[in-house]
Amino acid sequence: MPKFKRMLLVEDDARDVELTLDALEESNLANEVDVARDGKEALDYLYYRGRFADRTRETPAVVLLDLKMPKVSGIEVLRQIKTDEDLKMIPVVVLSSSAEERDVIESYQLGVNAYVVKPVDIQQFLEAIRKLGLFWALVNEPPPNRSSSAA
Amino acid sequence: MANTNAHQLLQLALMIGTAVICVTGFVGIVFGQPLLGVIYAGMGAVVALLTQKVTQRKREQEELRRTNETLEQRVLARTAELDSTNKELEAFSYSVAHDLRAPLRHMDGFIRLLKKHSWASLDERNQRYLGIISDSARQMGLLIDDLLAFSRVGRAELQLLPVSLQQLVQEAMQELREETQGRNIAWKISQLPEVMADRSMMRLVMINLLANAVKFTGKRERAEIEVGASANEADGIVVFVRDNGVGFDMEYADKLFGVFQRLHPAEEYEGTGIGLANVQRIIHRHKGRTWARGEVDQGATFYFSLPKATEATTYAKVQAHAAG
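Chains A and B are the protein sequences, given in the same order. If you read the first sequence in this note's numbering, its first letter stands for residue 1, the second for the next number, and so on. If you read the second sequence in this note's numbering, its first letter stands for residue 1, the second for the next number, and so on.
Since the hints were derived computationally from the structure, they do not count as laboratory data. A portion of the hints provided could be inaccurate.
Stated by the list, open to error - Just a sample of chain A residues kept apart from chain B, beta carbon distances all over 12 angstroms, derived:
id, residue
1, Asp54
2, Leu87
3, Val93
Stated by the list, open to error - Derived contacts from chain A toward chain B, CB cut-off under 7 angstroms, selection only:
id, residue
4, Leu19
5, Glu76
6, Ser97
7, Ser98
8, Val120
9, Asp121
10, Ile122
For every residue, glycine included, the Cβ atom is placed at its ideal position computed from N, Cα and C.
Let the hints inform the model, and build the full structure from the sequences given.
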């Protein structure tokens, strides 16, 4: 059994969380996923604050990031990650409902590692999530763990 | 501004001239030279008249300047209005893209979960119902995507560059490989010109027209698709795509290019019905027009025209003419 790395899913919509986790479960990846329910929680997770203050010091292998979220938007989370010396090496994949050009451009300008549109067709959605999960949790070599200096 | 200054100088010169002439005339009368006095007085009157004319002209120019200014302000205000309408439209389509797709994804997603967990306990009829709900959600997803693309075609800025239609047809045929695979299609592509156009949009035009021809010849044992071009004074460059497919009733020809208009049942020929609407919108934005001829079961020919201009300079003239 290969060792899967942990992933962070940032998604405010409970239904999308359920569908995404279900898709990851089919690839036996669901146990390796932490969920943040908005941008603020995502930053708490990355900075070991709030309800994530006591989590294991471990940088996620990838952040799967929704864009349209209340409080702190996905774009703001992305900007924060990519401008922080300690976080900027973490791969970030935007999981958006749409491929609106300005979102795509802004995400890439901020240094996103991939941009994936959630398909309406659930079979395509499953396939996309499955491939994403396997690639980032298994195939890709993540940056070395910097958690000691990230606190 | 320089004009106003010149006017003021002229006015000053005329006033000084009047004063000098009047004084000289008065001196002439006093010193017993009445004729000289009359001449000078006459000249004084002429100069005074000129002064009045100049003042009047100046007033008229001032008025004209004010009118221009108001006009400019009105143009600015209108432009701002248009800008804000555009922004609203963009916000609208952004929200459609995000907020309408999510519930559809959930519908399809949770039906799948329902199937996964209780498929065995569902009878055939209920399984069919679920299938229909899923299909409808996916269909609406396609419609939304198409509408968004259609709205983008209307908003995106045109980047006019020389484009080889010949090459675009080749690219469109490549794009349609999947649809044409295993089909017996006789392609006849004539010499096509180079035009000033937005490349990616014209590519969409050719893909849509060829895809239509491929689709509606689907039931022909041997499909024939012809692409050609001609030029005439009235229309400029005319390009046509002709097929020997199911054709259409000319009575409904005006509906062909409408958004989501279909002349054939969806069960027989799939598609959302936005392709030709995109074609028309793109061609209109290039100042051309679209039309079609056909007969039921006798094939169809789709035409579009572009202002005659194979060179940038000619095109600029056409544009200036259209704008003026």
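Would you list, in rising numerical order, the hints stated earlier that this structure does not obey? 5
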